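Go by the hints and put chain W onto chain R.
These protein sequences, in sequence, are chains R and W.
The numbering of the first sequence is the working numbering, which starts it at 1 and goes up by one.
The numbering of the second sequence is the working numbering, which starts it at 1 and goes up by one.
The hints are simulated quantities; they were obtained by calculation from the structure and are not laboratory data.
Careful, some of the hints might be misleading.
Since copy identity is lost for identical chains, a pair holds within one copy or between any two.
Stated by the list, open to error - Listed next, the in silico DMTMM-like pairs over lysine to aspartate or glutamate satisfying Cα-Cα at most 25 Å (straight line):
#1 Lys157 <-> Glu211
#2 Lys273 <-> Asp144
#3 Lys147 <-> Asp65
#4 Lys116 <-> Asp11
#5 Lys68 <-> Asp38
#6 Lys267 <-> Glu212
#7 Lys326 <-> Glu211
#8 Lys190 <-> Asp239
#9 Lys216 <-> Glu290
#10 Lys157 <-> Asp225
#11 Lys326 <-> Asp65
Small disclaimer: the values here were computed from a predicted structure and weren't measured.
Protein chains: 2
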Amino acid sequence: MTDYEIFELGDVVLQSKKTLRGAKLAYKTYGALNAKKDNAIVYPTWYSGQHYENEWLIGEGMALDPRKYFVIVPNMFGNGLSTSPSNAPEPYNQARFPNVTAYDNVRQQYRLVTEKFGIESLELVTGWSMGALQTYHWGALYPDMVKRILPFAGSAKCSRHNFVFLEGVKAALTADAAFQDGWYRSPPTKGLRAMARVYAGWGFSQAFYREELDIKAMGYASLEDFLVGFWEGIFLPRDANNLLTMLWTWQNGDISNNEVFNGDFPKALAAIKSKAFIMPSKTDLYFPPEDNAFEVAHMPNAELRVIDSIWGHFAGGPGTSPADVKTLDAALRELLAS
Amino acid sequence: MTDYEIFELGDVVLQSKKTLRGAKLAYKTYGALNAKKDNAIVYPTWYSGQHYENEWLIGEGMALDPRKYFVIVPNMFGNGLSTSPSNAPEPYNQARFPNVTAYDNVRQQYRLVTEKFGIESLELVTGWSMGALQTYHWGALYPDMVKRILPFAGSAKCSRHNFVFLEGVKAALTADAAFQDGWYRSPPTKGLRAMARVYAGWGFSQAFYREELDIKAMGYASLEDFLVGFWEGIFLPRDANNLLTMLWTWQNGDISNNEVFNGDFPKALAAIKSKAFIMPSKTDLYFPPEDNAFEVAHMPNAELRVIDSIWGHFAGGPGTSPADVKTLDAALRELLAS
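Okay, chain R solo, but in the shape it has when bound (with noise of 0.2 Å):
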């Protein structure tokens, strides 16, 4: 009783150098393709997310309207439902489970969308966080094929602070001692709770807490319950070597880092022909706007659409902001009638 398709990847050798044997891609897609394929839309998800998380964005009536677009929506290698720590078969399961980039996740998709579906070209890649990371991949490494592209609260490559910020988290969920250096056989529930702590001064802004936000808009009793019921409620039931190969993912994001462009980051980012609105959020915490005016300095066919917001990180998603909601609809409207 899944709500997702799986396509077969067979033995997939990663930038590691390390092989996902019997490695499987898993999909949603939402919508029709239509008999001349150009109305695929390719949105993949972010940091801990699964498909189901990514449906806030789409609808009858928004922009990406499933009566005329055929969305795709690729989950993430670790998320848990693609090739991950927690179902991975031995000897590469848990701790063992290899380094997994942006790079390789994409290269997967591509097959996904060109093998399985016989796409040839994409009406939009768009995604947000790590959504974003993996969309701006998609830019760079097939800018004949991807027309358009929205990262929204992303960038094109970790920033060092961004990588800062994880390193923190990352450091909360493994100073559990349950962790038991990923070889865990219940969940490090205090480790797991810590980094949900961590993760909860981050994700929205200063002024999303002065003015009381989680309990105005989103209806929590107290900061506590907020912590508690919404915070520590995302990362429970996840696990925790998941956690971590995504996070390694993230902190190791960068277009450029491939052998396409063997680490030149500007040559990477003019490489993304595609027409692009950038759209970070004003308040966002680890991804804020000025790393990404620097990518649409370098971007041939880009424009930076900041987003007003006070809601830090989340004015990008999950749904949790509807006038956020709103912006990003009436953009992705607008890059799409383009």
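For chain W alone, coordinates are given in the frame of chain R:
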């Protein structure tokens, strides 16, 4: 062989209605009190800091010149020199150490200033971060005694976002099983290192890391060298219960949360008659200038002077950023001359 003095406080009843028996206030003075006793400055310590870590702002030729002023640096309760979990006798030692407020601290500092030295007027109270919190308390509680205050990179009340940031720090430290609910016999080093990594993303700004000032200005060889050498180096030598005691003091900082103001924060701000320069750092991630702007709007004699720096919270101290030290020193000079 200590470089500080002890003022015996006797039995101190705290706001929490617990009694610190035989409490001690460790302090150090710089310069000499003049005959009229009208050249004194109080300069409280910051989170985890001890008196010698305040000395970067004191010196001949600087605004806080010991040839002219008598500078008193009182150590905060919980900092390991004044009465703290690490040095308190049973039964209030270690994990049983009571909660101490900034109000508790400043009330005892007042006793040191008046009972020990017979001082009736202070030229200035100043401090960084939690030192700023204590500075605001001095202004609100002793308005006829304090001529001037200059709190920098701090606030009169812990904001909700700041509280959440500290929840992350606390959760990382206490996730370590070696912490043993505060009854450790050897330090919970994994938790202390995790706490340091969490703190690292908060202490300096996104721009600081983007510009690689950890390497280019502070001389570390790499980002990881900075995380270990600077950040883990700060917290590893400090006692975990002490850190948690001061963290509680910080999280519960509020100049109005006492019998004088009964929780009326605007009223407490309005009580600060001292001429005040309020100096946040423009890029401070947990003491953003917006919170200080609210304060200044309610203070009768205060001016907001934002430090234009990318050093984040560390624009304020402890002497890490030479340009910002000059800015602070010049402001102190101007305020003292007025």
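Evaluation of the provided hints:
Within a single copy, Lys157 and Glu211 get their C-alpha atoms only as close as 31 Å, which misses the 25 Å cut-off; across copies the closest is 15 Å, which meets it. Proximity of Lys273 and Asp144 under a CA criterion of 25 Å is satisfied intra-copy only: 8 Å inside one chain copy versus 67 Å between copies. In this assembly of identical chains, Lys147 and Asp65 lie within 25 Å of each other by CA distance solely inside one copy; the values are 18 Å within and 65 Å between copies. In this assembly of identical chains, the alpha carbons of Lys116 and Asp11 lie at most 25 Å apart only when taken from the same copy (16 Å versus 77 Å across copies).
In the homo-oligomer, the alpha carbons of Lys68 and Asp38 lie at most 25 Å apart inside one protomer (11 Å), although the nearest pairing across protomers, at 79 Å, exceeds that limit. Within a single copy, Lys267 and Glu212 get their C-alpha atoms only as close as 43 Å, which misses the 25 Å cut-off; across copies the closest is 22 Å, which meets it. For a Cα distance limit of 25 Å, the shortest separation of Lys326 from Glu211 inside one copy, 21 Å, qualifies, whereas the shortest one across copies, 35 Å, does not. Within a single copy, Lys190 and Asp239 get their C-alpha atoms as close as 13 Å, and across copies as close as 21 Å, so both meet the 25 Å cut-off.
Proximity of Lys216 and Glu290 under a CA criterion of 25 Å is satisfied inter-copy only: 20 Å between copies versus 30 Å inside one chain copy. Within a single copy, Lys157 and Asp225 get their C-alpha atoms only as close as 34 Å, which misses the 25 Å cut-off; across copies the closest is 21 Å, which meets it. In this assembly of identical chains, Lys326 and Asp65 lie within 25 Å of each other by CA distance solely inside one copy; the values are 14 Å within and 58 Å between copies.
Consistency note: the structure conflicts with none of the earlier hints.
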